[in-house]
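With the hints as extra help, turn the sequences into a complete structure.
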Amino acid sequence: MHIEALDAYRYRIPRDESRGMRTDVIVYASEALMEHIRKDLSLEQAMNVATLPGIVGSSLAMPDIHQGYGFPIGGVAAMDYEHGVVSPGGVGFDINCGVRLVRTTLAEGDVRPRLGELIDQIFRDVPCGAGGSGFVKIGARDLEHVLVEGAGWMVKNGYGEERDAEFAEAGGALEGADASAVSERARERGLPQLGTLGSGNHFLEVQYVEEVHDETAARAYGLAAGQVVVLIHSGSRGLGHQVCTDYVSTMNKSLAKYQISLPDRQLACGPIRSEEGRQYLAAMCAAANFAWANRQAIMHFLRGAFRRIFGDGARLALIYDVCHNIAKRERYEVEGRKREVLVHRKGATRAFPPGHREIPADYRAVGQPVFVPGSMGTASWVLAGSEGAMRETFGSVCHGAGRLMSRTAVRKGRDAREEQRKLQDRGILVRSETRDGILEELPEAYKNVDEVIEVVDQAGLARKVARLRPMGVIKG
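With my numbering as the guide, the letters of the sequence shown map in order to residues 1 to 476.
One or more of the hints may lead you astray.
Below 35 Å or equal to it, Euclidean Cα-Cα: the simulated DSBU-like pairs (lysine-lysine) are [what the hints assert, rightly or not]:
1. 253 with 338
2. 338 with 464
3. 137 with 464
4. 156 with 422
5. 257 with 338
Bear in mind the hints are in silico, worked out from the structure with no lab data behind them.
As structure tokens, then:
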């Protein structure tokens, strides 16, 4: 594999026709991060993505890239909407896994003395773990409405405030969702799971604003130094996983029909305009709407937990909610002309610049809020989208620090209670449904989030707004 440095924050893997590549790969990384990235198969996967029919521009790798299913996690690829393909693996199994940042009227000094009570209350009110049933009890007919209306249905039915849906990407619901495209098995899995975190790398973190880097943007987002905020990271739970499973199988069966040859069966795909493509996108939109509804429900119960501990004066407001596993129809200038494309963002976050019509009016002057979690022992970042992302990455940036060690490797030789105590000594309380929930997500399992953010900032894709420090963590 030939990799050439374009500058301090961009690398290029030239198009290799012998591998069937239709375009090149651009990697956003520092020299130090490239050393980590080369150790797994993520760059090979990015090259495989470059072979897909209808790909437009480069196959893109964010600085948090690591190996995934077919597509690398931290990968972005745009497909011509008329002649390209859609790949379920390019979205991932947790459709619309995303993050929601909530600001509070409390300061670190208000919360720190009662942090243990608060974390225990949230742990009771927001179920987590691999299975998990939530406190939102709905029937099959209600679920159909959730799949079409997303966060708006939750608000309309008492699980939130009127302004909440406005401050979510796409208003908390994608158009084009069709509940009938979602299998009965997927519905069964999702029905009891609204308002649940899930397991793996999903979390709810009580944090405070440690540093402000852009006062103007921070003020627009309602953030100030010392303020307590909450970051919610969850997705479409079993419903989204089943949708992906169903359509990977469907796409694999149809490859010969459309004469599509792939270097990796995990890239299973179909023409966007085909029946299989349309059905998948309709189901994906429905699963995405379920995820927005899920995070809305979690926020509703979070508000209740804060009120129980701090009284009615503790007010929580949504700053923004943005997804990082999705395929969306968008319009960009490519090679001098405007084109309709389907942007696959897998472990990548939308980052629209100031003035973009899809940003809530309150933020339009400063750019879209972008949230990049690090690890439960380090920090998370709030960024603002920049024009550079529109020119180079189809309005996209990284979604996290990026995994450095496998879950098996990081568990080896470690004791969960000892690791929990170490974090507590650093002022971070952790509650987890399982031992593995702590060990698999230890800080050393991830790249340095500050290095990742530096790449994004210096490359001009997004700019730093605020650094957030964890105080309390709920894990699956």
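Do the hints match the structure? See the list:
1. 253 with 338: Within the cut-off at roughly 33 Å; holds.
2. 338 with 464: 29 Å, holds
3. 137 with 464: 40 Å, violated
4. 156 with 422: 43 Å, violated
5. 257 with 338: Within the cut-off at roughly 31 Å; holds.
In this structure, the hints that do not hold are numbers 3, 4, in rising order.
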